[in-house]
Amino acid sequence: MLLIRCPHCGERPEPEFAYGGEAHIARPADPAAVSDDDWAAYLYLRTNAKGVHAERWRHTRGCGRFFNALRDTTTDRFIATYKSGEKRPEGLR
Amino acid sequence: MSVARLPTGGQVGRDRTLRFSFDGKSYEGLQGDTLASALLANGVHLVGRSFKYHRPRGIMTAGPEEPSALVTVRRDAARSTPNLRATQVELYDGLCAVSQNRWPSLRFDLGRLTELFSPLLPAGFYYKTFMWPRTAWHQLYEPLIRRMAGLGEAPLLPDPDRYAQQHAHCEVLVVGAGPAGLAAALAASRSGARVILCDERPRFGGSLLCDDRSRIDGLAATEWVTAAIAELAQNPRVRLLPRTTAFGYFPHNHLGLSERITDHLAEPPAGLARERLWQVRAQQVVLATGSIEQPLVFPGNDRPGVMLAGAALRYLKEQAVMPGRRVVIVTICDSAYRVAFEMQAAGARVAAIIDLRPDPSPAQPDGWQQRLRQAGIAVETAARVLRTRGRGHVSAVEIGRLDAAGLPTGQRSIDCDLLLVAGGFVPSVHLFSQSRGKLRYDEALQTYLPGDSAESERSAGACRGLLSGLAAALQDGAAAGAAAANASGCAGEEPRFEIIEDSTAATAGRLPRAEAAVSGPKAFVDFQHDVMLKDLDLAMREGFRSIEHIKRYTTTGMATDQGKTSNVNALHHAARGLGKPVPSVGLTTFRMPYTPITFASFAGQARGEIFDPVRRTPMHGWAVRQGAVFEDVGMWKRARFFPRSGEDMHAAVARECRAVREGCGVFDASTLGKIVVAGPGATAFMDRFYVNDWSKLAVGRCKYGVLLRDDGFVYDDGVVARLAEDRFHVTTTTGGAARVLAMMEDYRQTEWTDLDVWLTSTTEQWAVIAVQGPRARELLAPLVDGLDISAAALPHMAVVHGTLRGMPMMLFRVSFTGELGFEVNVPSDQGAAALDAICEAGKALGLTPYGTETMHVLRAEKGFIIIGQDTDGTVTPDDVGLTWAIGKAKPDFVGKRALARPAMHAPDRKQLVGLLTRDPRVVLEEGAQVVDVPGQAPPMKLIGHVTSSYASATLGRSIALAVVAGGRARIGQTLHVPMPGGEIPVEVCAPVFYDPKGARLNV
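For the record, the sequence lines run as chains A and B.
Quick note on numbering: the first sequence equals residues 1 to 93 in the numbering used here.
Quick note on numbering: the second sequence equals residues 1 to 1003 in the numbering used here.
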């Protein structure tokens, strides 16, 4: 069971959270202007990182808010968590 | 006094004897005995039969690593625990144990005949032997093998005991209360840190409990243990957990501990939980899990009377039990010498020490040679045990040397009734490895040690390879405890201990592990799974090169002991056989649990009625009184149908359907998901989220909403009412309520932060009573306190606020039946009263309660889809005929862009259609496949499948919905549904079977 630091509530156990897939994938502002291939990429293509991965979590059974996390997928170590809308912290690995 | 119990010594209570039985025979033991020590005290060595060959097996160890002495302990018919290690079962007065895997009795076991066929049962025999005929596996071979090879039997009655679960947090968790663990706990606790100390044994102290020669801080070792426990116990920030196994190390320093609370008690107090599962989240963990002595491999090494040297020492020192009188010790390391001295001093005759090392003495402490001479103990160097002899119990060993060609020379036989083996201690790295720490191979110890940690964790003492002596372990534990306290923010200081060590306790020296094994018949590596050296050899001859594959092929290390006494020997033998260094052969994975844990401890209180939360609607009691048959929909209990006396489901549903079509019916629709979308941005939010155009929806009106995912596939649906300009009452499917709200929150929080909108689940705020049928208005009109609910005032798809007999009410005019219909929403706590009022008024009109089954039939007659039944996540709005719902003028909504992809308009997409069987009495199976060409041989070309199928009382025939490739263009065609009994011809039709114009709705 992972221990996850919600940026709003602090450290809480994993069962309070829901995983939300890769972070920083913005829905195109004007979908009609996006090609079929680009739309398919938006829907389906993910980096599937081995190592540091920026991903979304939601504190479903807590404050209910989405936030982002940097997690090392090989060790399950959380490097940072940060609020939705904030830039991915740089220089962390 | 029992035959093997010494008159003095040990740490057993001698003032009172405990009676116990084994296989029906009564014996006596003492407080402080394990079942194993008590059996040995009574001269009982034969305690079990092996898994595969039913060979007689005895007690080999004194701890959790025991592979052979597995027993069933019975309190009563419901409290019978199989596969317990006799070495860990604490004796209590009245304990009743029975042996396993034998028939008719332990002494005379017919299963022993399998050994006659053992040449036919090599490694992997079941992969080769029982392959033909194929059907025989399930019917013949597997049941036969299962009966012949096996462990104990689980009780058939429900477990009557209570199992507790508890979460705990601490700065420092110390696993293992031997010298290193106690020292770590002392150091950490003195810093003020919250400390949890657990140990699987009933008493703390570990190896100190069988050390009556060393002194710590001026105290005898056992006295020091008592003082240390006393100091820890009086510290309120320390929790001591004896009889508690740390079985699993999970990410982020989350450890599972299993505490056995009452299993050692003769009469467990009522109300006390039998076990407690601890989930500990520790800032820092100190692993002080010690080490496990390994056996040696030689022919006949499994005979009762063959025991680990360290185990014999424990039985001698802890329980004053002398497991044999004439002892031979075979060893590859120095630890056996201490055992020899102690056994001799206690009155046994040590006939010989057989030491594989050519010259063991240089590394040994001064004076050993003299002591050996004085004691008259002969040491045979460069020698080994070539085999054992004995009927049921070891009576002699044949020793000798191997020449350069590996052939035995200088054999001679030595009589003995106890053969002690000392294959060197191996650090217990199980938990460290579970924590994903990296193991490194240590050449000197010839085994794996903890390397880099992955968690906030440190290993201390024997489990990190400090196997030589008490001082090293104690001081290492103290250092680890202080460091752990410091790392958790407390000021830890490393205590120093004054230690006078037993000079015979050395265990150092390079171990000739790889050369130790002696081949030959019945040379066992894995005692619990009956894997022999020759099985490993066969696996290697057949081409297996990795220990992981050798393990799976031979099943070595795969028994319930997980190879605690076999993996190291198997690894070394494989490395030698393959001519590779040990580290390049690989290492099998250490998995949780360290020792078996009961299912009950994981289940805890979550069983029976509280296994899973149950959701009941406010009118549940009414449905019970009406005799409803319920079905589970998610966590909800929903009334499925209301049978009257003598009715089956078919008859009840037919009656309920007719009542709704001809008069009126009442239905509990409270489970529908309800979400209020409110705020200045509500309309924009709805426009972006649902396919529909909401801007033109007038306040007080409703619309059928369709929700897609951004991949364009239908995700949910439901009626949405506009309660105000900035307020929508959204309904969802029963099962979709939570995920729709989660999806809404996702878009609100992360994509459309420009919108000022609030989302609130109101599912449980409202009780929803659907009143449906041509007489619904007539029924409701007198109840709604003067509210005008005429067709003009409240047309189809309208909503109005009012009161029902004084109760606040939102009244929806909606229909999922195709009839004139209303959904009465009242606050949950008034649902039962409102329903009672409606039913009272309905008596005169023949108001009939109906359930979900009737609801399904009625909606299918109208072609209304059920999300998840008629759709499956690959269905577009067009596929199910919902294109009309889409707001065409909107620039964007979730799923719009994906709908523009060409594949979403392919003419051969599966489309929702109706199917009418040629024989109206035949009701198709839901999920049945549809083909267009009859008489095909498999594999047939499948063009769709049946999604909904019912007998329609209204239409007097069966009806079905299906998704069929290019279905709408096939209307009028005959297709076929192949079933085991033959193909069923069906005619394709439009998916609306009843009142296609909707005339009955708009009245």
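Because the hints were derived from the structure by calculation, they are not lab data.
Mixed in with the good hints, there may be bad ones.
Pairs of lysine-lysine, DSSO-like flavour, derived with a Cα cap of 30 Å [stated by the list, open to error]: (1) B/K941 <-> A/K83; (2) B/K696 <-> B/K522; (3) B/K438 <-> B/K522; (4) B/K534 <-> B/K696; (5) B/K438 <-> B/K580; (6) A/K83 <-> A/K50; (7) B/K843 <-> B/K941; (8) A/K87 <-> B/K522; (9) A/K50 <-> B/K438.
Against the structure, the hints come out as follows:
1. B/K941 <-> A/K83: 52 Å, violated
2. B/K696 <-> B/K522: 86 Å, violated
3. B/K438 <-> B/K522: 35 Å, violated
4. B/K534 <-> B/K696: 82 Å, violated
5. B/K438 <-> B/K580: Judged against 30 Å, a Cα distance of about 21 Å means the pair holds.
6. A/K83 <-> A/K50: 23 Å, holds
7. B/K843 <-> B/K941: 54 Å, violated
8. A/K87 <-> B/K522: Not satisfied, since the Cα-Cα distance of roughly 66 Å exceeds 30 Å.
9. A/K50 <-> B/K438: Answer holds: A/K50 to B/K438 is near 18 Å, not above 30 Å.
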